Amino acid sequence: MEGLLAGDDAAIRALYARFGRPVYTMGLRLLGSREAAEELTQDVFVTAWRKAARFDPHRGRLSTWLMTIAHNLAVDRLRRDTGVTRPKLVLVDEVPESAQSVDEDLLLERDAALRAIAGLSDAERRLVVRTYFRGMTAREISENDGIPLGTVKTRLRSALIKVRKANEHKEYI
Amino acid sequence: MNCSAVRDVLPEFALGVAPGGDVSAIELHVEQCAACRKETLELQRAVTAFGYALPPVDAADPGLELRVVDAVRGAARRASPTRDRPTRSRRAGVTLIAAALLVATLGVGAVMANRAERLRLQAERIALQNQQELESFGDAVASARFADPGAEVFTGLLAASDDASGTGSGLTIVSPASQDQVIVIVHDLSRRSAPLALSIANARGRTLELGAIRRLDSAGGATAARALDVSLAGFIDVIVRDARGRVVLRGTLAAETAVASASP
Numbered sequence: 026m027e028g029l030l031a032g033d034d035a036a037i038r039a040l041y042a043r044f045g046r047p048v049y050t051m052g053l054r055l056l057g058s059r060e061a062a063e064e065l066t067q068d069v070f071v072t073a074w075r076k077a078a079r080f081d082p083h084r085g086r087l088s089t090w091l092m093t094i095a096h097n098l099a100v101d102r103l104r105r106d107t108g109v110t111r112p113k114l115v116l117v118d119e120v121p122e123s124a125q126s127v128d129e130d131l132l133l134e135r136d137a138a139l140r141a142i143a144g145l146s147d148a149e150r151r152l153v154v155r156t157y158f159r160g161m162t163a164r165e166i167s168e169n170d171g172i173p174l175g176t177v178k179t180r181l182r183s184a185l186i187k188v189r190k191a192n193e194h195k196e197y198i
Numbered sequence: 074m075n076c077s078a079v080r081d082v083l084p085e086f087a088l089g090v091a092p093g094g095d096v097s098a099i100e101l102h103v104e105q106c107a108a109c110r111k112e113t114l115e116l117q118r119a120v121t122a123f124g125y126a127l128p129p130v131d132a133a134d135p136g137l138e139l140r141v142v143d144a145v146r147g148a149a150r151r152a153s154p155t156r157d158r159p160t161r162s163r164r165a166g167v168t169l170i171a172a173a174l175l176v177a178t179l180g181v182g183a184v185m186a187n188r189a190e191r192l193r194l195q196a197e198r199i200a201l202q203n204q205q206e207l208e209s210f211g212d213a214v215a216s217a218r219f220a221d222p223g224a225e226v227f228t229g230l231l232a233a234s235d236d237a238s239g240t241g242s243g244l245t246i247v248s249p250a251s252q253d254q255v256i257v258i259v260h261d262l263s264r265r266s267a268p269l270a271l272s273i274a275n276a277r278g279r280t281l282e283l284g285a286i287r288r289l290d291s292a293g294g295a296t297a298a299r300a301l302d303v304s305l306a307g308f309i310d311v312i313v314r315d316a317r318g319r320v321v322l323r324g325t326l327a328a329e330t331a332v333a334s335a336s337p
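Top line first, the protein sequences correspond to chains C and L.
Take the first sequence: its letter number 85 is residue 110 in the numbering used here, and every next letter is one higher.
Take the second sequence: its letter number 27 is residue 100 in the numbering used here, and every next letter is one higher.
Pulled out of the complex, with its shape left as it was, chain C reads as follows:
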């Protein structure tokens, strides 16, 4: 983090080597184009540099901190585009999986995440797709589906608690 704060090449490259691909991947899924995903990736690392002084490893993990920054920026951009030229959601199946080797820690992270998500009900997964991947608010989902706002919020909370419990005792990055 000290190296990142100073704008040190090696520190930036090390951070990019570890998180560049998952950040880019998430950007591609949410924003729907490689150009937007690349712009997002640059924004994420510049924002990480801006906020690096406030990162406290005792309060949370680097992987969570960086991906939270990435997702918030992506949702901001997604919502900014809403109603104008909202990009089509790129489904998981439409983009071929990388054939290149992936960092071992990230493989473990992904494996844990997949197992955690496997425990969600269909309704909870649909909610996750619409909030996390489409940037829809609970109220928008409620109004769109005719479901009480309280029910949407309860399901969201339930989904996150399930994933959180599945992730307990796992400390990879």
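No wet-lab data here; the hints were simulated from the structure.
Keep in mind the model is a prediction, meaning the values are calculated, not measured.
By construction, the Cβ of each residue, glycine as well, lies at the ideal position given by its N, Cα and C atoms.
Careful: at least some of the hints might be erroneous.
[Said to hold, decoys possible] Where chain C lies over chain L, by a calculated footprint (3+ residues, C-beta under 8 Å): (1) 134-143; (2) 257-269.
[Claimed, not checked] The calculated lysine-lysine pairs, modelled on DSBU-like cross-linking and capped at a C-alpha distance of 30 Å, are: (3) L:K111 to C:K187; (4) C:K178 to C:K190; (5) L:K111 to C:K190; (6) C:K190 to C:K76; (7) L:K111 to C:K76; (8) C:K178 to L:K111.
[To be verified] Computed beta-carbon distance windows for the label pairs: (9) C:A143 to L:R265: 57 to 67 Å; (10) C:K76 to L:A107: 12 to 22 Å; (11) L:K111 to C:A143: 17 to 27 Å; (12) L:A98 to C:V154: 20 to 30 Å; (13) L:Q105 to C:K76: 12 to 22 Å; (14) L:R265 to C:R79: 31 to 41 Å; (15) L:T325 to C:R140: 46 to 56 Å; (16) C:D136 to L:Q105: 54 to 64 Å; (17) C:I186 to L:G147: 40 to 50 Å.
Use these hints to put chain L onto chain C, whose structure you have.
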């Protein structure tokens, strides 16, 4: 917001889709409340699982890494003259700008010490205030640009609703290298209208709560300044509400392009 209200929207906050008006209040509460902070971190950690669960793809352009390094290095280089201890220097910058503006505001207040002249000079005073505020903003803009050449500055006047009294001005500094800043000055408001709630909104309807002016001086004026961790880019609609939630002042900020003084 209390703990109960915050917990109600924490899943949405962790997912990045909390209502815009709630975000600042949640961040403020979470910073001060250890229990809610712990809950937030756990929910955010759960949320990041969705990102890491995606099958990784190859970056289309192998030059992306170089562009990322250049972007971060460029931001660090632009900020280096003022960024030995980032948070401290940013807050000092806000204090200096707010202090400079406060001097201008007090100057106007001194002119109005004689209560008997208030009505007669009201029209002149409002014109003078507007002129002085824009001039003092000009100094602030020059100072901000000197310290942070990449900063964008937006200024504008605030007008009272209907035929109510009151004027004001707003200024935001949107920086690629440090915390964004906002300054709001109000004049001629009824002292009974305090505390005043300050907020700023963007075109998408997202609103950031900036805080409150607890009390007004004898001329119904006050100056508020704040540095924010969130970006103010696109936030141009400044709103001042009274204690009953009614809008008393409102104005739209525009990009500041012409600055008379070249250096602070």
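Now for the hints, and whether the structure bears them out:
1. Look at the stretch 134-143 of chain L against chain C: 6 of its residues bring a Cβ nearer than 8 Å to a Cβ of that chain, three or more, so the hint holds.
2. With 0 residues carrying a beta carbon less than 8 Å from a beta carbon of chain C, the stretch 257-269 of chain L misses the three-residue requirement, and the given coverage is violated.
3. Note on K111 (chain L) and K187 (chain C): the hinted pairing holds, with a Cα-Cα distance of about 17 Å set against a maximum of 30 Å.
4. About 18 Å separates the Cα atoms of K178 (chain C) and K190 (chain C), which keeps this hinted pair within 30 Å; it holds.
5. Only pairs whose Cα atoms come within 30 Å are accepted, and K111 (chain L) paired with K190 (chain C) is accepted, the gap being roughly 14 Å.
6. A distance of roughly 28 Å separates the Cα atoms of K190 (chain C) and K76 (chain C); the hinted pair therefore holds under the 30 Å criterion.
7. Using a Cα cut-off of 30 Å, the hinted pair K111 (chain L) and K76 (chain C) holds, with the two alpha carbons roughly 19 Å apart.
8. Between the alpha carbons of K178 (chain C) and K111 (chain L) the distance comes to roughly 19 Å, so the proposed pair stays at or under 30 Å and holds.
9. For the pair A143 (chain C) and R265 (chain L), the supplied restraint of 57 to 67 Å holds, since their beta-carbon distance comes to about 59 Å.
10. Here the CB-CB span from K76 (chain C) to A107 (chain L) is close to 20 Å, well matched to the stated 12 to 22 Å.
11. A hinted range of 17 to 27 Å holds for the C-beta pair K111 (chain L) and A143 (chain C), which are about 26 Å apart.
12. Distance hint for A98 (chain L) and V154 (chain C): a CB-CB separation of about 28 Å, consistent with the stated range 20 to 30 Å.
13. Checked against the hint of 12 to 22 Å, the pair Q105 (chain L) and K76 (chain C) passes, with Cβ atoms roughly 19 Å apart.
14. A hinted range of 31 to 41 Å for the beta carbons of R265 (chain L) and R79 (chain C) is consistent with their spacing of about 39 Å.
15. Hint check: T325 (chain L) to R140 (chain C), Cβ distance near 50 Å, so the stated range 46 to 56 Å holds.
16. Range check, D136 (chain C) to Q105 (chain L): Cβ separation about 36 Å, and the 54 to 64 Å hint is violated.
17. A beta carbon spacing of about 42 Å between I186 (chain C) and G147 (chain L) agrees with the range 40 to 50 Å that was offered as a hint.
Going down the numbered hints, you'll see the structure goes against 2 and 16, while the others check out.
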